[in-house]
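Trainee: We have chain A already, so just place chain B on it with the hints.
Line by line, the protein sequences are chains A and B.
At position 151 of the first sequence (counting the first as 1) the number is 151 in the numbering used here, and the numbers step up by one without a gap.
To convert a position in the second sequence, counted from 1, into the numbering used here, add 1000.
Possibly wrong hints are sitting among the right ones.
[Stated by the list, open to error] With a straight-line cut-off of 25 Å between C-alpha atoms, the simulated DSS-like cross-links for lysine-lysine are:
| no. | chain 1 | residue 1 | chain 2 | residue 2 |
| --- | --- | --- | --- | --- |
| 1 | A | Lys40 | B | Lys1263 |
| 2 | B | Lys1027 | B | Lys1368 |
| 3 | B | Lys1263 | B | Lys1071 |
| 4 | B | Lys1201 | B | Lys1109 |
| 5 | A | Lys79 | B | Lys1027 |
| 6 | A | Lys79 | A | Lys35 |
| 7 | A | Lys79 | A | Lys40 |
| 8 | A | Lys35 | A | Lys146 |
| 9 | A | Lys146 | A | Lys40 |
| 10 | A | Lys35 | B | Lys1027 |
| 11 | B | Lys1109 | B | Lys1071 |
| 12 | B | Lys1027 | A | Lys146 |
[Said to hold, decoys possible] Anything over 10 Å on all C-beta distances counts as not near chain B; from chain A, calculated:
| no. | residue |
| --- | --- |
| 13 | Leu14 |
| 14 | Asn26 |
| 15 | Ala39 |
| 16 | Glu55 |
| 17 | Asn66 |
| 18 | Arg69 |
| 19 | Asp72 |
| 20 | Arg89 |
| 21 | Gln101 |
| 22 | His106 |
| 23 | Arg108 |
| 24 | Val127 |
| 25 | Glu132 |
| 26 | Glu138 |
| 27 | Glu144 |
Note that these hints are calculated values from the structure, not bench results.
These numbers come from a predicted model, not from an experiment.
A virtual CB, placed ideally from N, CA and C, is assigned to each residue, including glycine.
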Amino acid sequence: MVETSIDIANYVELDRLQGRYVAALNRNDMTAWMKLFSAKPEASYVCTTREHVDEGLPLALMLDDNRNRIEDRVMYITKIWTGTFQNYRTRHIVQRISAEQDERGHYRVLSNFIVMFTNDQVGTASVLTVGEYVDVVERDDAGEFKFLSKTAILDTSVLPHYSVYPI
Amino acid sequence: MDYLFLARVTREDYVVMTNLDFEWPSKVNHVPKELYTRPDLYEREIQRIFRGPEWHAIAHQCEVPGNGDFKTLTYAEMPFLVARGSDGEVRVFLNSCPHRANQVEVRCKGNTTRFNCPYHRWTFANDGRLIGCPSDDDYEPGFDRTDYPLPRVRHEMMHGIIFITFSSEVGGLPEYLGDVAPFIAQAMGGDSNLKLLGYQKVRYACNWKVYGDNDIFHPPLLHRALSMLNWQSAAGERASCPVRGHLALKAELTPPPNNGTLKDMSIIREVGNDETSSCAVILFPLFVITKHLSVINLRFASPVGPNQTEVNYAYFARCDDDEETVIHRTRQGSNLLGPVGLISMEDAAIFQRTQIGAGTPGNMVFQKGVASLGTQGQEPPFSNEVHILSRIRYYREVMGM
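Just chain B, with the same shape it has in the complex:
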């Protein structure tokens, strides 16, 4: 299989490639604000993280359910084409003709047996093979169509979530995800058997790390709906993967009784037979899965530039749901946890306000749960902001900082 690999170096090489002018404070919980604003860091992040030896979730296979279905998207400023071939196999391509680089497919979604580049009429089967190119008798000597398929990108799936990488070095997904892997199925209500309900897509005027470094200390403080409803957060199982700052959390929720705050309590009711009422998986660098009450939400996020992040909140029902459950997941998904959601709209506001504040000099100081100020790892309990320090520790390693 010929994949396109862009990560020329391994993560181990990065450690010695340090030439950035960036000073870290000695206290591990002090993080320079310029981490979130400097364009030169952004360029290196694209190279080492988004084109480097990491796995990035870009779609769920149920978004291309039928043979010939495809979806286009942009991830970290690169155009992709996710296509299920006539043979039923899901493949990921760059949405760029190998001839003169022209963008091949312009629809967001569709169904086709072939992709046609209109510029010089190169035609590709939906498995990526070049099957037509006019006048190829006059091409370079020895021209062979099999040398010019749509560029394939290495991908792996876990419970239907399609992850890509540009690295030949990074290990398989189970190894990459480590201890958080078993939580992924639970966060999707059991397994990969999902049906798409729709999206909420939004751009936040913030660096991707401001979005990604959102802590689990803030919810009862920022999200006033929780206190107004007198909704206590539940304790539960937690897993974290110390290697990359991945985090998984699981809890059983007990929605509060109606205290008169809401007129329509269905927004916090749980319907369906999911095993877990609340489970979140937060992966480095940017992917989040949230299962909360009846909402099953994959948050595909991508940097759009140093100061802009696009988040596509994708919502799902389970294929074995009855009609009432599908309607409930749709109604709850629309209003509870997205960019206009009862419990979460404030996150959107805070991302942008943090970006504005990060333009001032000095450090951010992480406090909640910081047990020591050394450089050693801290074990993150619930409801704190220490888990972000694990992410930052890994980031420093990757960036050679």
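In isolation and in its complexed conformation, chain A is listed as follows:
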């Protein structure tokens, strides 16, 4: 892959996309979350673990490898699971590590994340997970940056709590 450095304006735009992503998840706003992915059928969201990546295991915690599955996930959370789980809010702390452009013009962005969660009722906060985002970002037809794919690779091979929302 030919990688070229990118100019500062694109960094700003990539960070703005990541900021919207974080804001959507921190508000548990699944519709806003979904809109940050490309409208193309091959848009994907994958949440897996470092253990799986290292061992080459294909299974994931969440494997939405097409646009329909991303939309279905929103439906699970907003229509199917409602009323069953103890709601919690998250704070995603994200740090961009690198951003490069490939020969197709897509941006490949690596970031660290820490996700803290606070159970609404209990009120105390703990670490839900830490890890790395591997993002492929495209500019869509309207000129906006969208995730063509987002892969959250968790260092936490054992989740300390069930996960309702994407990471």
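Mentor: Coordinates of chain B only, in the frame set by chain A:
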């Protein structure tokens, strides 16, 4: 063969060793909530169940497929090392040096011909033999390396599933599993010929019995995906083993047509040539095998303390699957039945909510399928919660309660 045995007493002895202050209601379907919260019960459970005359599933042999492959894990607060020796034989050891108890292997998985304890450089072959220990001329008189192998744990395999016990008394696996044994192969799609796809590992803030006592009455009620998809549960064959509350269920599923709820219907499609579309085996105390559509899932669960349970959902393909089937099992396994699954996420939530509620006084009352309030056994039909009472009856016997 020298195994490490910790169960000093047999199950028959337990009956007379009752000194717990615990009152059972006279009605068989009333179960005190404190059963799920008391730390003193937990200590006895570790001794009598997890270190006692029961078999516990800890891994599948396809997780250590090649000679020299190993895997470490913790089960019921004890560190284990599962290793396939250079001779191809699978063995289970305690992950602890027989010298000064130091944890021998720190990797989760790997391949090695020898295990090395760095503390005083004791070295073990991958079959457990002690093959190196510096300065042993100065050890105790008569020191013999053959007296200090890695501690072996008794194990047996059924269709590649590795079960361990610390008891010399408990019978072999076929006897232990009884009538549910034939269902195990069906729950794995035919036989032991599996290939690991990956794990979903999670800790639930609940007692291991809250996780283990999940009934088969709740699914159409709790799991709204089933009703939204208009997916009726199918009737089928059932087996239960009245001795320990083991249960096996088998059914042929007919996935519903697309009613617009899902945009990607592949999550409930069945692909592959498995003989059975749905089969579940639920063993005392904690092991569950689920075959549902194309998902083959072994749920290795372990208590982590009185109020915490870790579940490692391990997913498999079959070795004879074509590429398309492997991909389908991977995609379905990831999203359908695990801790973040379409049909099952709610279970995770309910485990923790039940634990919170179990801190209040009084009894849980089991209702669905309870035909009489006597102490006699109840035969469990489908879709009820009576099978949990069989588990509890056996638990009382083991615990001397």
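Trainee: Now, for every hint given, state plainly whether the structure supports it.
Mentor: We went through each hint and held it up to the structure:
1. Lys40/A with Lys1263/B: Between lysine 40/A and lysine 1263/B the Cα gap is close to 14 Å, so the pair holds against 25 Å.
2. Lys1027/B with Lys1368/B: At roughly 15 Å apart (the allowed maximum being 25 Å), lysine 1368/B and lysine 1027/B satisfy the hint.
3. Lys1263/B with Lys1071/B: Violated, at about 39 Å.
4. Lys1201/B with Lys1109/B: holds, 15 Å
5. Lys79/A with Lys1027/B: With Cα atoms ~39 Å apart, lysine 79/A and lysine 1027/B exceed 25 Å; violated.
6. Lys79/A with Lys35/A: holds, 18 Å
7. Lys79/A with Lys40/A: holds, 24 Å
8. Lys35/A with Lys146/A: holds, 8 Å
9. Lys146/A with Lys40/A: holds, 10 Å
10. Lys35/A with Lys1027/B: With Cα atoms ~55 Å apart, lysine 35/A and lysine 1027/B exceed 25 Å; violated.
11. Lys1109/B with Lys1071/B: holds, 4 Å
12. Lys1027/B with Lys146/A: Violated, because 61 Å separates the two Cα atoms, which is more than 25 Å.
13. Leu14: Its Cβ never comes within 10 Å of chain B, the nearest being 27 Å, so this holds.
14. Asn26: holds, 19 Å
15. Ala39: Non-interface label on alanine 39/A holds, nearest chain B Cβ at 13 Å vs cutoff 10 Å.
16. Glu55: Label violated. Min Cβ-Cβ 7 Å, cutoff 10 Å.
17. Asn66: violated, 6 Å
18. Arg69: Nearest chain B Cβ is 5 Å from arginine 69/A, so the label is violated.
19. Asp72: Since the minimum Cβ distance to chain B is about 5 Å, aspartate 72/A lies within 10 Å and the statement is violated.
20. Arg89: For arginine 89/A, whose nearest Cβ neighbour in chain B is about 16 Å away, the distance exceeds 10 Å, so it holds.
21. Gln101: holds, 30 Å
22. His106: holds, 24 Å
23. Arg108: holds, 23 Å
24. Val127: holds, 13 Å
25. Glu132: holds, 18 Å
26. Glu138: Consistent with the label, glutamate 138/A stays out of reach of chain B, its closest Cβ about 21 Å off (over 10 Å).
27. Glu144: holds, 23 Å
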